[in-house]
Each structure stands twice: as structure tokens, then as C-alpha cells.
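Chemist: Per our numbering, residue 1 is the first one in the sequence shown, and the count goes up by one each step.
No lab work stands behind these hints, which were simulated from the structure alone.
Note that the coordinates shown come from a computational prediction; the quantities given were computed from them, not determined experimentally.
Accuracy of the hints is not assured; some may be wrong.
[Unchecked claim] In silico SDA-like cross-links for lysine to any residue, where the CA-CA straight-line distance does not exceed 25 angstroms: (1) K50 x V339; (2) K239 x V339; (3) K50 x V375; (4) K278 x R211; (5) K50 x E26; (6) K237 x Q352; (7) K237 x P335; (8) K278 x Q88; (9) K278 x T370; (10) K237 x G249; (11) K261 x A277; (12) K278 x Q79.
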Amino acid sequence: MRILIVTHTFAPALNGQAVFSSHLAESLAARGHFVRVIVPAIDRPAFERKNGIEIQAIKGLDLRFIHKDLALAFALPGQAMQILREFQPQLVHFQDPAPISQILLWAARKLHIPTIATHHPGPAIWAPYLPGENWFVQRIIAPIIWQYFIGYLNRMAVVVSPSQASMRMLNAHGIRHPSIPVSCGVWIDKRSDQVPAHSYPGLATINSANRQSFLYVGRLDPEKRVDVLIEAFARIKNKSAYLLLAGSGASQESLQELVLKYRMQERVIFLGRVERAKIGELLAASDVFVMPGDSESLSIATLEAIAAGKPVIAANAMALPELVQDGWNGYLFAPGDAVDLAGKIDLMIGQQQLWPLMAARSISKAEPHTLTHAVESYVSLYQNLLSQPLPQPRPWLYPLPRWVVNSGWMLGAAQWAALLIILIISLVMRNHPVVAAPLDKVELINPVVIAEIKQFLTLLKHVNISNGQANGLLSLLRNLH
1 MRILIVTHTF APALNGQAVF SSHLAESLAA RGHFVRVIVP AIDRPAFERK NGIEIQAIKG
61 LDLRFIHKDL ALAFALPGQA MQILREFQPQ LVHFQDPAPI SQILLWAARK LHIPTIATHH
121 PGPAIWAPYL PGENWFVQRI IAPIIWQYFI GYLNRMAVVV SPSQASMRML NAHGIRHPSI
181 PVSCGVWIDK RSDQVPAHSY PGLATINSAN RQSFLYVGRL DPEKRVDVLI EAFARIKNKS
241 AYLLLAGSGA SQESLQELVL KYRMQERVIF LGRVERAKIG ELLAASDVFV MPGDSESLSI
301 ATLEAIAAGK PVIAANAMAL PELVQDGWNG YLFAPGDAVD LAGKIDLMIG QQQLWPLMAA
361 RSISKAEPHT LTHAVESYVS LYQNLLSQPL PQPRPWLYPL PRWVVNSGWM LGAAQWAALL
421 IILIISLVMR NHPVVAAPLD KVELINPVVI AEIKQFLTLL KHVNISNGQA NGLLSLLRNL
481 H
């Protein structure tokens with residue numbers, strides 16, 4: 001099959017959607033399918049072949065000043081038609097309702113190409129960035145966002161959700177056809193019990209002292225509720241336990257300040273961004289995995305933890321109870337409740353004799369979520385979709401004007417209107433989005449960056465190199481504006 005995958009985030013990004021999209025594309029290519037991925041042109045060439053797949057980058061807005069993985073690609077209707085006619089996909093698989101997805105969905109329907117969508121995020125993901133107690137947000141903004149999501153999904157031939165919880169959420173918000181739950185999948189045969197335990201660099205002192213280590217892997221962003229985990233850790237009775245935080249994000253600075261507030265610098269370790277190849281070793285080096293997020297549509301990080309044979313403490317919210325059974329392979333705590341979480345951490349520390357049993361149960365819990373099973377499910381959905389006739393558009397009671405029926409220009413206008421709103425918001429926030437095009441890496445050089453470079457070059461004069469070289473560079477930099 002010729003499959004086009006459209007996503008606003010892709011490897012090497014480490015968020016769940018990027019990890020899933022990468023695994024799916026590479027697994028499909030390994031099975032002999034022709035796969036092309038459409039992504040925003042942020043630090044990417046216009047076209048590349050990697051791990052058996054084609055990656056085509058489309059110009060867009062670099063919005064990483066809002067979120068480190070956020071970029072929105074955009075295209076005019078004619079460009080969208082050209083993309084599809086050039087690759088000639090048998091179906092298009094969308095991962096999100098970004099502007100490029102909307103215009104390619106319109107083009108695919110015009111060309112009678114079947115479409116399928118996997119629903120990853122929801123308004124709950126963005127809730128922490130909005131004033132949640134605001135009546136206007138709750139009663140006006142959130143319903144509008146949901147209508148946008150559901151309207152986009154209702155134009156698909158097939159909608160897939162990564163969990164039963166996500167499926168129920170979509171059905172409750174009025175999706176036209178019930179969504180199909182298919183796990184994002186994980187490499188069970190690469191679980192971390194194949195790596196020598198306690199082997200992760202930098203953690204030898206923790207493990208040699210026989211202290212319990214609790215691990216979180218994921219983004220350090222507001223919706224992940226890592227602040228609740230830190231506050232809970234400050235309340236536990238066993239002060240010899242360690243908390244390992246692997247990841248980076250918008251909340252990292254505030255989380256570090258929270259650790260300083262509770263004077264836990266020696267017990268809470270920020271590991272920074274960890275390469276995916278090292279996550280197995282990190283899981284092997286830790287004792288218990290913790291997921292405090294309460295808006296997880298699946299949580300690939302938690303899925304990888306149970307596949308690695310780890311006891312897990314997780315929030316009793318969204319899809320997490322599908323992976324963690326309270327008292328069986330871990331414990332669930334009330335979402336956002338640091339006191340309850342602290343109690344579950346103390347309970348876990350006091351039941352170390354049960355950890356091997358919980359580990360075995362976690363592995364069995366992960367068995368239905370193998371990546372092989374997930375890919376086979378998608379291939380089956382693709383084949384079933386291609387074997388069915390495309391649904392015919394609903395007839396209108398009265399003939400509509402041609403400019404309304406051929407509404408590609410309206411989608412293009414909507415894209416640009418949305419991007420204009422983003423630009424206005426960014427100016428109000430005193431941030432500067434970058435319009436990124438393929439091939440050329442676009443960077444912002446502002447006065448702060450220039451000052452830092454000047455300071456670096458000044459220091460460079462004092463090291464063992466030619467002072468003339470450093471002075472020359474500094475002289476050139478003074479003329480930079």
C-alpha cells in the first residue's frame with residue numbers, strides 16, 4: 001500500500017504522538033509498504049529518506065516559544081492537491097487537526113482518497129495553559145475546541161483512539177461513528193529486563209546505597225502534573241528514597257524552584273532529556289515508575305514501564321487505569337492529590353517483597369499492547385477501508401453556488417486566519433514566531449543572544465588561543481545589529 005501520514009510532530013521529538021507516528025511509519029515500511037510522512041519544516045530538509053520512509057517537510061510556523069514540540073505547517077489548496085497527486089497515496093492517515101491536516105483532508109476528499117485519523121490530544125491537554133476557573137474558557141472556549149475536533153474527525157472514514165478511555169471521551173462528545181480503540185504499541189521484546197539492572201550512568205551511588213528510586217519519564221509540562229509528584233515526595237515518610245525526573249519542558253524551571261523550596265536537591269534528580277535508546281537502561285536502573293498526569297489518552301511512557309516489568313503508581317484518570325490495576329501491578333491515586341500520592345509511595349516502599357510479583361503482572365498487562373499487534377491492527381483497518389466504497393457526500397436540498405461547493409479557498413482562508421491570530425497572540429506575549437521553510441535552518445538572534453556571544457568571546461581571550469583571533473571576532477560582533 002501507498003500510505004501518507006500527516007503529523008505536526010515526528011521523531012526525533014519524544015512526545016507520544018511523535019513516538020507512535022515514527023514507530024508506525026517505520027514498521028509499515030519494514031513490511032514492504034510505501035510510506036511518506038508530512039511534517040512541518042522545522043530544522044528539517046525539504047525531503048529525506050530515513051529508516052525506509054520518505055519525510056517531506058512543509059513550510060510552517062515555528063511555535064516552540066509556546067511549546068517545545070509545537071510547529072504548524074500550512075499550504076494552499078493547490079499545494080495540497082499537488083502533494084497528493086505527486087505521491088498518489090491509496091489512503092491518508094492523519095494524526096492531528098493542524099492546518100496542514102485540514103487542507104490535505106479537503107484535498108483527499110476531492111480526489112476520493114480514503115482517510116483515517118488517530119485521535120491523540122484533546123482540550124484537556126491545553127487546559128493547564130488556559131485560566132481553567134474562567135467561566136468564559138469553560139463554557140465558550142472548551143466547547144468550541146471540541147466542536148473543532150469533532151467536526152474534523154466526523155469527516156474521516158475511520159477514527160481510531162489509542163485507548164478505551166479516549167474512545168469513550170470521543171463518543172460522549174458526539175462523534176458520528178464510534179471510534180475504534182487500537183493501542184499505540186510498544187516493543188515488548190526490547191524491555192529493560194534484558195539490560196543489567198542498576199547500570200544507568202550517574203545512578204550508581206543511589207543503587208549502591210540500596211535506596212529506593214522512583215522514576216518519571218516524560219515532558220515537564222503543566223498537564224503532566226509533575227508538581228504534584230514533587231509535592232508528594234516532600235510528604236513521604238521514607239526520606240532516603242530518590243525521585244528521578246527524565247525529560248524537559250516548559251515547567252522545568254518552576255519544578256526546580258519547587259524542589260529548592262522543599263530542600264530536596266539531594267533526593268530529586270533532574271536527568272534532562274534522555275535518548276530513546278537509553279530509556280530501557282534507565283527503567284532497569286529504577287525501582288518504581290510514577291505517572292502523575294491526569295489527561296493521558298494512553299501514556300506510552302507508562303506502557304513502556306509495564307513492558308519493562310516495573311511496579312507503577314499512576315493517577316486514576318483517563319487511560320492510566322487500563323495499564324495499572326490498583327493493588328495488582330501497582331497503585332492508583334486520586335488525580336492531583338499530593339497527599340494520596342505520598343501515601344501510595346510510602347505503601348509501595350513498605351511492600352518491596354511484592355515488587356517481583358507486580359513486575360511479572362506488569363509484563364503480562366503489556367502483552368496485548370505489542371507494537372506488532374498495533375501495526376497488524378492498523379494494516380487490517382487500512383485493508384478494510386480500501387475494500388469499501390467511499391461514502392457519498394450528503395445531497396443538499398437546494399443547489400448551492402459553485403464557490404460554496406468548491407470550498408478549498410475557504411479552508412485556505414481559515415488557515416491563514418488561524419495563523420494570523422497566533423501571530424497576534426505571540427506579539428501580545430512579546431514572543432516572535434519564526435516562519436520556517438525547508439533546507440534553511442531559521443534562527444532568531446536577539447540582543448540577549450548577542451550579549452551572551454560577546455561575553456563568551458570575551459572569556460575566550462583568556463584561554464590559550466591567539467588573542468588576535470578572539471579580538472577580531474569581538475570587533476566584528478560589535479557591528480552586528
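Chemist: It remains to establish, for every hint, whether it holds in the given structure.
Modeler: Evaluated hints:
| no. | hint | in the structure |
| --- | --- | --- |
| 1 | K50 x V339 | violated, 47 angstroms |
| 2 | K239 x V339 | holds, 15 angstroms |
| 3 | K50 x V375 | holds, 19 angstroms |
| 4 | K278 x R211 | holds, 22 angstroms |
| 5 | K50 x E26 | holds, 9 angstroms |
| 6 | K237 x Q352 | holds, 15 angstroms |
| 7 | K237 x P335 | holds, 21 angstroms |
| 8 | K278 x Q88 | violated, 38 angstroms |
| 9 | K278 x T370 | holds, 19 angstroms |
| 10 | K237 x G249 | violated, 29 angstroms |
| 11 | K261 x A277 | violated, 33 angstroms |
| 12 | K278 x Q79 | violated, 40 angstroms |
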